[in-house]
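These protein sequence lines are chains Z and E, in that order.
Here the first sequence is numbered in numbering that gives the first Met the number 0, starting from 0 and rising by one per residue.
Here the second sequence is numbered in numbering that gives the first Met the number 0, starting from 0 and rising by one per residue.
Just so you know, these hints were derived from the structure itself, not from any lab.
Misleading hints may appear alongside valid ones.
To be verified - Quick list of the computed label-pair ranges, beta carbon to beta carbon:
# : chain 1 : residue 1 : chain 2 : residue 2 : range
1 : Z       : 57        : E       : 31        : 56 to 64 Å
2 : E       : 216       : Z       : 62        : 58 to 66 Å
3 : Z       : 118       : E       : 190       : 22 to 30 Å
4 : E       : 335       : Z       : 156       : 45 to 53 Å
Stated by the list, open to error - With the Cβ distance kept under 8 Å, some of the chain E side facing chain Z (calculated, not the full set):
#  : residue
5  : 3
6  : 7
7  : 111
8  : 115
9  : 122
10 : 123
11 : 126
12 : 127
13 : 129
14 : 130
15 : 133
16 : 137
17 : 144
18 : 264
19 : 314
Glycine included, every Cβ here is placed at the ideal spot set by N, Cα and C.
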Amino acid sequence: MELIQLVIGGIATGCIYGLVALGFVLIYKATEGVNFAQGDMMMLGAFIALGLVNSEYGALPFVPGVILAAVIMGGVGYGVDRLVVRQIFGQPQFALVILTIAMGFVFRFVAGSIWGFTPLVLETPFAGNTLHIGGIIIGYEDLTTIIVTALLTLSLWAFFQFTKLGLAAQAASQNQMAAYIVGVPVHRVNSIIWALSGAVSTIAGVLYASKGAIDPNIGLLGMKAFAAAVIGGFGSLPGALLGGILIGVVEPVAARYLPGGFSQMSPYIIMLVVLVTRPNGLFAQIYAKKV
Amino acid sequence: MKVIFKTSYDNDIDLHEDWWDRGKMIALVAVMAVLPFVLGEYYLAEITNTLIWSLAGMGLMLLVGHTGQASLGHAAFLAIGAYTDAALMNIGVPWIVAFPLAGIAAGIFGAIVAIPAVRMSGIYLAIATLALFVIVEELIIVAEPITGGVGGIFAPSINIFGIDFDRYASLNNFYWLCLGVVVLVTWLYANLMRSSTGRSFLAVRDSEVSARALGINVTRTRSLAFGLSCAMTGLAGALMGHYITFFNYELFSIFISINLLLVVTIGGLGFIQGAFFGAILITAVPQLISILRDSMMSNLGIDLSMPGLDTLIFSGILIGFIIYEPTGLYGRWLKIRVWFELFPLARRDMFRRQKTYLKTERMK
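Just chain Z, with the same shape it has in the complex (with noise of 0.2 Å):
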């Protein structure tokens, strides 16, 4: 019971994960860089959510709240592809990782200086009730996490699937210069791809932010998100999830069974363990090109 009781919990907070993984693939998948201030953008969304839906700031609804603050990260995204990231463009991946590192410290700067560094409560509709289905005890607000995650994810594998768009970004991904001759303007696509991560990252801060108190440093989490989009394989935005669900399993219940230090480093482990046995993870996208 006890084991059950991790294992839902563990999940919840995997989906968080895997939302935020899911912006890094979402990137990924698109522009083939990956962009470290992922976290820092969840943070961000999570702060903006806040500063619509709290009472003491912009007193919104909260679902026009949450939706209004995706618009918003959407534009950030757009305008951070545009303004900084595109001035590097087709430059090696290595240079965006030490671009998006030093945006995510700008992030973190522009959040601390407007909402402070104190720990914040974003207030939800949701908090504090919770389901009781035989002994087991199931918070709303890890029951909506997990809707949302698979409805989320779901939505953008068909997006990628079968819109015209995602077939485009999948065809600038692999062939910056191919899809360019063949009619794909892959900038404006780069940059609809990085509009679209700010939003599902909002999404991933505002579902962080309804399990406790939010504060500039929360970015951090995109390490694990990291591991949780390794794990999964770096294109594939169901491996990704999944990949985000295992990290959140395993980490309350290495803490709960193993002896201390286990658990914050288990997800690296694996991480670890993945890569060298699959190093391109567990639903692997690279192919060996054949001649």
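Let chain Z serve as the given structure and place chain E on it in line with the hints.
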């Protein structure tokens, strides 16, 4: 403009083009050596710090700038160096033995890690090193008998053949010690880069496929580069431990890794000099900011003591360099020098970047 007529291959790969070049280096080292007689204690300590940072920066430069591999976890190797050195000295091993052992420990650890790591490329390696960093940090806390755990560890003062090299009591000696280590490592590094091993690093960086076609064992080369890089960083870590004197795991945070990356990218990727330029910047800017902050406070009454302002300024500098000057400070210096050398003949587009397109790493 002077033309050097090269008559042999040895002549071509010489470290210095001519005696004028060599003389400048000797003069630089000589000036550095007499600094303790000129400067006060505060500045000398800062310069020592800069030297230690440039040593660590050189370690990362070998990996990132010369072999083209990214590492986001080099603080872990700094930590291994610092802890090995301090722990060995605490059980009575003299510094002169403990110091090289610290470098070797970090290097061996790095090489072991490298064996699986070098199979990964680009982004995966960066992430794997990041994970490694987190694991090392946790291990330091767990391994309390050796590392002192959360409480920290004391790095005893250095004593070689009766001469005291304490960081506070005899700062001059400690400075000369650091300078000596840095000069020695730089000299070895510069010579490494003109040997066949160094050339193979560059070949692997520029094109893995062509390097392989030329008969270079890419895996071996990369592991070697990783090991050497970690060894250099480990040496820097040992010195950093003595510089700080009492430290715990918090000294080697993720921000140190990022600062190291800053050193190599702002300094100029692919140039040994870049590590020094970057180290000067990274150690001088926080001091300048605090001086500026104090003068703003006392003269104009403007309070600049916002938390995180330093990191904001660093991030701004970093973003600016990545976008406008990817070759870093040293690259910019080279361009300025060329402009002066060619004076009326320099053309605006001489250094224009070629248009590049990213090719997927998913196919290889």
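Here is what the structure says about each hint:
1. Take residue 57/Z and residue 31/E: their Cβ atoms lie about 58 Å apart, and the range 56 to 64 Å holds.
2. The beta-carbon spacing between residue 216/E and residue 62/Z, approximately 59 Å, falls within the hinted interval of 58 to 66 Å.
3. Taken as a hint, the range 22 to 30 Å is violated for the pair residue 118/Z and residue 190/E, whose Cβ atoms sit roughly 53 Å apart.
4. At roughly 52 Å, the beta carbons of residue 335/E and residue 156/Z sit within the given window of 45 to 53 Å.
5. Here the hint on residue 3/E is broken, as its CB sits about 33 Å from the closest CB of chain Z, past 8 Å.
6. With its C-beta approaching chain Z no nearer than about 36 Å, residue 7/E sits outside the 8 Å limit, and its interface hint is violated.
7. Below 8 Å, beta-carbon pairs count as interface contacts, and residue 111/E has none with chain Z, the closest being about 12 Å; its hint is therefore violated.
8. The interface hint given for residue 115/E is met, as the beta carbon of that residue sits about 4 Å from the closest beta carbon of chain Z, less than 8 Å.
9. About 5 Å separates the beta-carbon of residue 122/E from the nearest beta-carbon of chain Z, less than 8 Å, and the hint is met.
10. Interface restraint check for residue 123/E: the shortest CB-CB distance to chain Z comes to about 6 Å, inside 8 Å, so the restraint holds.
11. The beta carbon of residue 126/E comes within 6 Å of a beta carbon in chain Z, closer than 8 Å, and the hint placing it at the interface holds.
12. Contact between residue 127/E and chain Z, as hinted, is supported at the beta carbon level, the nearest pair being about 5 Å apart and thus within 8 Å.
13. The beta carbon of residue 129/E comes within 7 Å of a beta carbon in chain Z, closer than 8 Å, and the hint placing it at the interface holds.
14. Using the Cβ-Cβ criterion of 8 Å, the hint placing residue 130/E at the interface with chain Z is satisfied: the shortest such distance is roughly 4 Å.
15. Checking residue 133/E against chain Z: minimum C-beta separation of about 5 Å stays under 8 Å; hint holds.
16. Look at residue 137/E: its Cβ gets to within about 5 Å of chain Z, closer than 8 Å, so that hint holds up.
17. Because the closest C-beta pair between residue 144/E and chain Z is about 14 Å apart, greater than 8 Å, the hint is violated.
18. Taking 8 Å as the C-beta cut-off, the interface hint given for residue 264/E holds, the closest approach to chain Z being about 6 Å.
19. Look at residue 314/E: its Cβ gets to within about 4 Å of chain Z, closer than 8 Å, so that hint holds up.
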